[in-house]
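Undergrad: Letter by letter, the chains look like this.
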Amino acid sequence: MTAPAVDPDPGTARSRTVLAWQRTALSVAAGTLLLVRLGYDELGPGVLVGLLGLPLAAWVLVHGTRARATAPGLAGALLALAVTALCLTELLVLVDPS
Amino acid sequence: MYADGEEPDYRFSLANERTLLAWLRTALALLAAGVAVDTIDLAMAAAAQTALAAGLVVLALLCAGASWWRWARAERAIRRREPLPASGLGLVLAVGVVLAGALVLVVVLAGGVGTS
Chain P
1 MTAPAVDPDP
11 GTARSRTVLA
21 WQRTALSVAA
31 GTLLLVRLGY
41 DELGPGVLVG
51 LLGLPLAAWV
61 LVHGTRARAT
71 APGLAGALLA
81 LAVTALCLTE
91 LLVLVDPS
Chain V
1 MYADGEEPDY
11 RFSLANERTL
21 LAWLRTALAL
31 LAAGVAVDTI
41 DLAMAAAAQT
51 ALAAGLVVLA
61 LLCAGASWWR
71 WARAERAIRR
81 REPLPASGLG
91 LVLAVGVVLA
101 GALVLVVVLA
111 GGVGTS
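Heads up: the sequence lines are chains P and V, in that order.
Following this note's numbering, the numbering of the first sequence begins with 1 at its first residue and continues without gaps.
Following this note's numbering, the numbering of the second sequence begins with 1 at its first residue and continues without gaps.
Hint data in this document are derived by calculation from the structure and do not stem from the laboratory.
From the three backbone atoms N, C-alpha and C, an ideal C-beta is built for every residue, glycine too.
Heads up, some of the hints might be wrong.
To give an idea of the interface, some chain V residues facing chain P are shown, with a C-beta separation under 8 Å as derived from the structure [to be verified]: (1) 20; (2) 28; (3) 50; (4) 54.
If you want the footprint, here are the derived chain P segments under chain V, 3+ residues with CB under 8 Å [claimed, not checked]: (5) 36 to 48; (6) 52 to 62; (7) 72 to 78; (8) 87 to 94.
Kindly produce the complete structure, drawing on both the sequences and the hints.
TA: Below is the structure:
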C-alpha cells in the first residue's frame, strides 16, 4: 500500500472529507427533526429531549470539519451515538403498544 | 491505536474517515426507510408492517455500530501495512434492502397505498 512520490491530486482529499462531514452532520440534523416530529405524536413531549441532536449536529458541522491528526475523534463518536439513539427511539415508537 | 504501526499516507486515513461517515449516512437512510414503512398505510397486516419497519431499523443500528468497528480495524490495518479486513456487513445490507424492497413492491402492487 504505497502512495506515488508526487501527489497527483493535491488538496482534494481534505476538501472531500470536509464535505463528507457536512453531509453527515446535515443528515443527522434532518433525521433528528423527522424523528422528534413523528415521535411526538406517539410518545408525547418527552421526546423533545431528542432535539439535543440539533446542537450536536451544529457542533459537528463546525468542529468535525477541521483537519486534524486523530480523526474522526469525539465528533465521529458523537455522530455514531446520535444515530444509534435515533434508531433506538424509533424502535421505541414501533413497539409502543398504545 | 495510534501507538501501533507507522503514520500512513494521510489520504488513506481521510478515505477511511469518509467511509465511516458514509456508513453513518447509510444507517440514517435505513432508519428513514423504517420510519416510512411504519408511517405509510400499506395493505399488509399491522404486525407484519411493524416487523418490516423494525427490521430496517435494526439494520440501521447494525450499520451505526459496525461503522465505528470497521473504521478501527481498517485504520489498524493501514498503519501496519496489512491487507484491509473483509466485512460481511455489505452483503447483509444488500440482502436486507433487496428483501425489504421486494416485499414492499409486492404489497404495493397487490393492495395499493394510502397514508395514515
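Undergrad: Please write out, lowest number first, the hints stated earlier that are contradicted by the structure.
TA: 5 and 6
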